[in-house]
Structures are given as structure tokens and as C-alpha cells.
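Engineer: Letter by letter, the chains look like this.
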Amino acid sequence: MGWFHRRGWRDLIIGLPYLWLVVFFLLPFAIVIAMSVATKTPTAPPFSFGGAQPWVNIETYHRLISEPLYLRAFLISIVNAAGTTLFCLLLGYPMALALTRVSRSARNILLMLVILPFWTSFLLRVYAWMGLMGKSSWFNAGLTEVWNWLVPVSWAVKSLPMMHSNFAVVLVMVYTYLPFMILPLYASLERLDPTLDEAALDLGSRPWQVFLDVTLPQSMPGIIAGGLLVFIPAAGELVIPSLVGDASTPMIGRVISDQFSQARDWPMASAVAVALLALMVGPTMLYSHYQARAEGAK
Amino acid sequence: MADFLRIEGVSKSFGPFQAVRDVTLSVEQGEIFSLLGGSGCGKTTLLRMLAGFEEPTSGRIFLDGHDMAGVPPWSRPVHMMFQNYALFPHMTLEANIGYGLRHDPLSKAQRAERVREMLDLVQLTPMAGRKPHQISGGQKQRVALARALARQPKLLLLDEPLAALDKKLREHTQFELMSIQARTGVTFIVVTHDQEEAMTLSDRIAVMDCGQVQQVGSPTEIYEYPINRFVASFIGSITSFEAEVLARENGTMRLNVPDFGAEITTRDGNFAAGAKVTLALRPEKLLISKDRPLGNAVQGVVKDLAYFGKDSLYRITLASGASVQAHAVNQRRGTEAQRVADWDDQVWLSFDPSAAIVLGA
Numbered sequence: 007m008g009w010f011h012r013r014g015w016r017d018l019i020i021g022l023p024y025l026w027l028v029v030f031f032l033l034p035f036a037i038v039i040a041m042s043v044a045t046k047t048p049t050a051p052p053f054s055f056g057g058a059q060p061w062v063n064i065e066t067y068h069r070l071i072s073e074p075l076y077l078r079a080f081l082i083s084i085v086n087a088a089g090t091t092l093f094c095l096l097l098g099y100p101m102a103l104a105l106t107r108v109s110r111s112a113r114n115i116l117l118m119l120v121i122l123p124f125w126t127s128f129l130l131r132v133y134a135w136m137g138l139m140g141k142s143s144w145f146n147a148g149l150t151e152v153w154n155w156l157v158p159v160s161w162a163v164k165s166l167p168m169m170h171s172n173f174a175v176v177l178v179m180v181y182t183y184l185p186f187m188i189l190p191l192y193a194s195l196e197r198l199d200p201t202l203d204e205a206a207l208d209l210g211s212r213p214w215q216v217f218l219d220v221t222l223p224q225s226m227p228g229i230i231a232g233g234l235l236v237f238i239p240a241a242g243e244l245v246i247p248s249l250v251g252d253a254s255t256p257m258i259g260r261v262i263s264d265q266f267s268q269a270r271d272w273p274m275a276s277a278v279a280v281a282l283l284a285l286m287v288g289p290t291m292l293y294s295h296y297q298a299r300a301e302g303a304k
Numbered sequence: 336m337a338d339f340l341r342i343e344g345v346s347k348s349f350g351p352f353q354a355v356r357d358v359t360l361s362v363e364q365g366e367i368f369s370l371l372g373g374s375g376c377g378k379t380t381l382l383r384m385l386a387g388f389e390e391p392t393s394g395r396i397f398l399d400g401h402d403m404a405g406v407p408p409w410s411r412p413v414h415m416m417f418q419n420y421a422l423f424p425h426m427t428l429e430a431n432i433g434y435g436l437r438h439d440p441l442s443k444a445q446r447a448e449r450v451r452e453m454l455d456l457v458q459l460t461p462m463a464g465r466k467p468h469q470i471s472g473g474q475k476q477r478v479a480l481a482r483a484l485a486r487q488p489k490l491l492l493l494d495e496p497l498a499a500l501d502k503k504l505r506e507h508t509q510f511e512l513m514s515i516q517a518r519t520g521v522t523f524i525v526v527t528h529d530q531e532e533a534m535t536l537s538d539r540i541a542v543m544d545c546g547q548v549q550q551v552g553s554p555t556e557i558y559e560y561p562i563n564r565f566v567a568s569f570i571g572s573i574t575s576f577e578a579e580v581l582a583r584e585n586g587t588m589r590l591n592v593p594d595f596g597a598e599i600t601t602r603d604g605n606f607a608a609g610a611k612v613t614l615a616l617r618p619e620k621l622l623i624s625k626d627r628p629l630g631n632a633v634q635g636v637v638k639d640l641a642y643f644g645k646d647s648l649y650r651i652t653l654a655s656g657a658s659v660q661a662h663a664v665n666q667r668r669g670t671e672a673q674r675v676a677d678w679d680d681q682v683w684l685s686f687d688p689s690a691a692i693v694l695g696a
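Sequences listed follow chains A and B, in order.
Using my numbering, read the first sequence as starting at 7 and increasing by one per residue.
Using my numbering, read the second sequence as starting at 336 and increasing by one per residue.
By construction, these hints were calculated from the structure, which means they are not laboratory data.
Backbone N, C-alpha and C define an ideal beta-carbon position, used for all residues, glycine too.
Any given hint could be a false lead.
[Said to hold, decoys possible] Residues on chain B that point at chain A, a partial pick, calculated with CB under 10 Å:
| hint | residue |
| --- | --- |
| 1 | Met426 |
| 2 | Ala483 |
| 3 | Gln487 |
[What the hints assert, rightly or not] DEER-style ranges, computed between Cβ atoms:
| hint | chain 1 | residue 1 | chain 2 | residue 2 | range |
| --- | --- | --- | --- | --- | --- |
| 4 | B | His438 | A | Tyr293 | 30 to 36 Å |
| 5 | B | Glu531 | A | Trp214 | 55 to 61 Å |
| 6 | B | His438 | A | Met291 | 38 to 44 Å |
| 7 | A | Gln215 | B | His401 | 51 to 57 Å |
| 8 | B | Asn563 | A | Leu117 | 48 to 54 Å |
| 9 | B | Gln487 | A | Gln215 | 48 to 54 Å |
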């Protein structure tokens, strides 16, 4: 290990990931921040600094706050992402818990099944969902049957208008991000000591009380990790709302993309991106804080 | 029905494997009863059946007159102290001890009072607000004990209670356990593989092997009057020899021991003349001397000697090549030259007729 501790080597090896971060994250992000305070011009590239406007032009941020389009998009994104996170948690928790309770061989197969969808192109899977949700699919027909059976006759429909709705967006996002919830949950549940469950049963708690008192509190780090892994990409999701979403309820990723490529308002696209990042930093910091505290407790 | 805990013909199978075979035991109220045996002997499975984590394949368990069949763990007046203590890591010691009390119809104040009593009992009051990872192993053991005792169980199950502690702490904790048992009067069932632990803690011991109870008795009975070779060799150490019963007369037996090349006398046993038996001798029951003593004696050469200070262990090889262990207390103070025997000395080993254990072959 002597070579590692020679000054140059160690600094180089520790420095490499930092260098990577600086070149491919911090620098581009600095450019985005700079663009967000530039002024939109009909030139190429479509922005400039200074000119008739001040060097640092905060007019874009002003518009971002005052124009309801942006606020609404942020709100829709957060609601959709929060809904996606909630459904992923409700679906993923029992799955992760079941993974820890089955035999080792069954567990490996089931874990494989959780990861298996990643082997197919993401776009292909979204297209498959579009097919399923379309008016002529067996999936839609089946759900329509159920719907018509459940609701009064006056509400009956020929087929459910699933495509191009917020419902479709959340459904496909839940499908896409579910593994990101299951895996961290499984990792934290798998570490729990099963004799703790027995101890709680032994002390008079029924199985559901054991879950609430022992399992749930101890899996909090997994819930938070899974929640962030789903919430953050879901809030900025572009492809899914573009393909299955409704143009009248745009999510923030769609707004960034539209501002950038169609309106050619690069400063606005950048400002929205900066605001989105600022919004995401909050929960991440919270997570780091929680994790640091949990580490300190060990 | 007078027995406090009665285990009646209980068996437990896991697939083709029979972990516990037809165990029948009864335990009195207020007893410290140990299940002693090596790993895989079925003692832990039996304990888990008492706790309600496993249901017997056949047989029944009665606690204080109630049949425990089908009673889930959370409804049994039986609490367990787990081998790894199983303290809830996310709760303070206070919350750990009070956990089970939430299921009792107590007011908040009564509950707090009970937790305080338990903290007092195990002398951990100043640590009430700490979390399990902030305390030592011995303290964890005491919290686990307090938690299991808080609801005043009829039966306390202790799974290898001292196994995770270091030697010094074990001795101390052992006496503490006994004193807490005496003060609370709760019946203790202790599972252990450590014969010394079982001997000092228990009122009675059940020695188990291969899922079956081999012998039940007080520590003295088990040690001095083992009923078979397994019990004799599991508890303490023995040297055993093949022997044949020659005759029975006046409450004694004459045995021929080929390894001794001599006949010996023992107390009468339930064997007919001509029966093949095993003669088992405990090291501390053998006397070493330079001159031939009267009675049972055999000559040998000291091949090995371990000096422990208070006593010494000798390994003596007989003329037949068999090797015998003998323990001698170093009663007199002296130098190496002054001890009973030294390497390569010719010595006589002798023993009282009542000291020899005669078992079926």
C-alpha cells in the first residue's frame, strides 16, 4: 500500500472523481446559470450578455415567478412526482418485504425479475404502454368492463380515455421507477434482524403492530432513499409526459424542452432548469442530514 | 395437573428431520430449569415451542394448567431473553423495557413506574435515555432481562443467557441472574450448551442429545450419577474402560477390567454377573500415590502433567497402553521436586468403590 500513500498518487486517485464532477457537472451547470441571466436575442446562439440590457439580467426569473404557466408546470410536476413516489412506495414496500421473506433461490429469481425490465429499451416499454392504454387494446377493454360494472349506468363509457392524461403519466412513471423504490427498500429491509420481530411478538405485539413498531421505523433510510430516487427523476421527467401526457397539463421537463427548442428562449429554459435543481436540492440535503444522523448513531 | 409446566410427549419435525423426539418434562414454579446439550440437540427448538414460535408436531404443553396448543406468542404469559438480546435499536432503553407493557391495561403513570422498577432491578436507571448501541454487552444483557421481566411473565425463557459475555462478566452475571430470579420468583427455563453454566445456575437440569432427554436431575445427581455414557462424558470429563461383571455380593460388584489387568470392587449396580459394562472414572476421584494402597488400584507411568496452580492434571499410561486422567489438588506448598509425582514416575492410582461409575456398555 506504500505506493498509494505517496502524495502524488493518492491525490490523483482521489481527485479523479472530483475532476469528473467539475468537468461534466459543475462547469455545464455554471454555463446554464450564466445563460439563465443572459438576454434572449434572435441571433445564434439565441442569447447575449449586456447590450441594451444589464449584464446580469434577472428579467427571466421575474417572468418565471409571475407567469402562471411556469408555476403551474412546477405544481403539476411536483404533484405527479409525489403521486408516483407514493404509489411506488405502496407497491414497492410489500414487494421488498416479500423479497426478504422468501427462500434464497426464489429471492434471486424475483430480484432478477425486478431488474429484468432494464434489459429492454425504455422507449420501447413506454410505447408498449401506449398500445395497452389505447382505445382498442384488451387492457383498456378489460378496465372499461370493470369501470362500467362499478359506476352507475349514466357514467358508463365505450372505452376509458387513458392516453394523453395525467393518469397515464403517473401510471407509466410508477411502472418505470418502481425498481428504484424496491431495490433500496430491499437493501434496508434485508439488513434487519428477524429476531427483533420475534422479540416484539414475544412481548405481546400482533404481527401488524410488529410491522409498525419495528420494521417500518427501521426501514426509514430505505424509504427516504427510494423516495428520492423516484421523486427527483420523476419531477424532471420529459419523455413519459411527452409521449403519453396531455399537452394542456405540461410537466416542467416538457416546458424546459419547449422553451429550448421551440420558443428558442434559452435564458428561460435555463432559468427553469436552475429553479428545478434548487427545488430538488432541498430534499436531497434533508436526506444527507438524516443519513449523517443515522451514521452517527451507529 | 399439579405441575406448573408440563411438557407431554412433545415431538417436532422439520420435514424429514426430527429435532425433538417425545420429550416429557415437568417444571415446578419458581425453579431454574436448564436444558443442556450440544448444538443440534433440540434444546432451542423446545424453547421456541414454549415461546410459541413453533408448534409441536405432536404432544402437548401445559402451563399453569392451560393447554398452550394454538396460543400465539403474543398471547402467552411467557417471555424470552434472546441470545443476541434482540433489543430494538431505534428505541431508548426505557422504551425497550416498556415495550411489552403497552399491551397491559396500565395507566401512563403505572407504566412509567413499572419501567422505573425494572431499571432499578438491573441497576441501569442512569442510562434510561440511552440507545442500545451506546451501552456495553453486559448492560444489554440486563436490559434484555428487564424487558422480558417487565410484564411479569409466568415463565422466562433464557436462550444462552451468558454466551455473549466475556468470562469475568459471566461469573458476575450468573449470580445476578440467580439473585433476580430469587427476588422475582419467576420460573426460569435456561437453554445452554455450557455445562458449568447449567451446573451453577440450575435447580435441575435436563441433558439432551439427538432431540431426546437423556437424564433429568439436580446438578449433583447428573454429575455423580449419570445414567448413560453420553451424560457421563458430556458433564465433566471421564476416562472409561470396558469391563465385565464377575460377581455380585453384599451390595458390591466385582468387575474384571482387562486394561487394568486386575479385578476391582464397585458399589452394586443393576447388572447381572457376566454382563459387559463400562467403568467410568472422573479425574478428581482418583488418588495418586507412590506406594500401593489397599483396595482398587492400578499402576501406571506419568506421561504428562499440567500444573494449574491450585491443582494439577496428570495423564497416566497403564501397562495395557490405556491412558487415564487424574486430578490432584495441590494442598501442600512446595517446589517441583516435592509434588506427588513427576514425569515418568511409576505411580499407583486408586479409588473408592463408591467413586466408580458403572454404566451399560
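Engineer: Taking the hints in turn, state whether each one holds.
Structural biologist: How the hints compare with the structure:
no., hint, verdict
1, Met426, "holds, 9 Å"
2, Ala483, "holds, 8 Å"
3, Gln487, "violated, 12 Å"
4, B/His438 <-> A/Tyr293: 30 to 36 Å, "holds, 35 Å"
5, B/Glu531 <-> A/Trp214: 55 to 61 Å, "violated, 43 Å"
6, B/His438 <-> A/Met291: 38 to 44 Å, "holds, 40 Å"
7, A/Gln215 <-> B/His401: 51 to 57 Å, "violated, 23 Å"
8, B/Asn563 <-> A/Leu117: 48 to 54 Å, "holds, 50 Å"
9, B/Gln487 <-> A/Gln215: 48 to 54 Å, "violated, 20 Å"
Going down the numbered hints, you'll see the structure goes against 3, 5, 7, 9, while the others check out.
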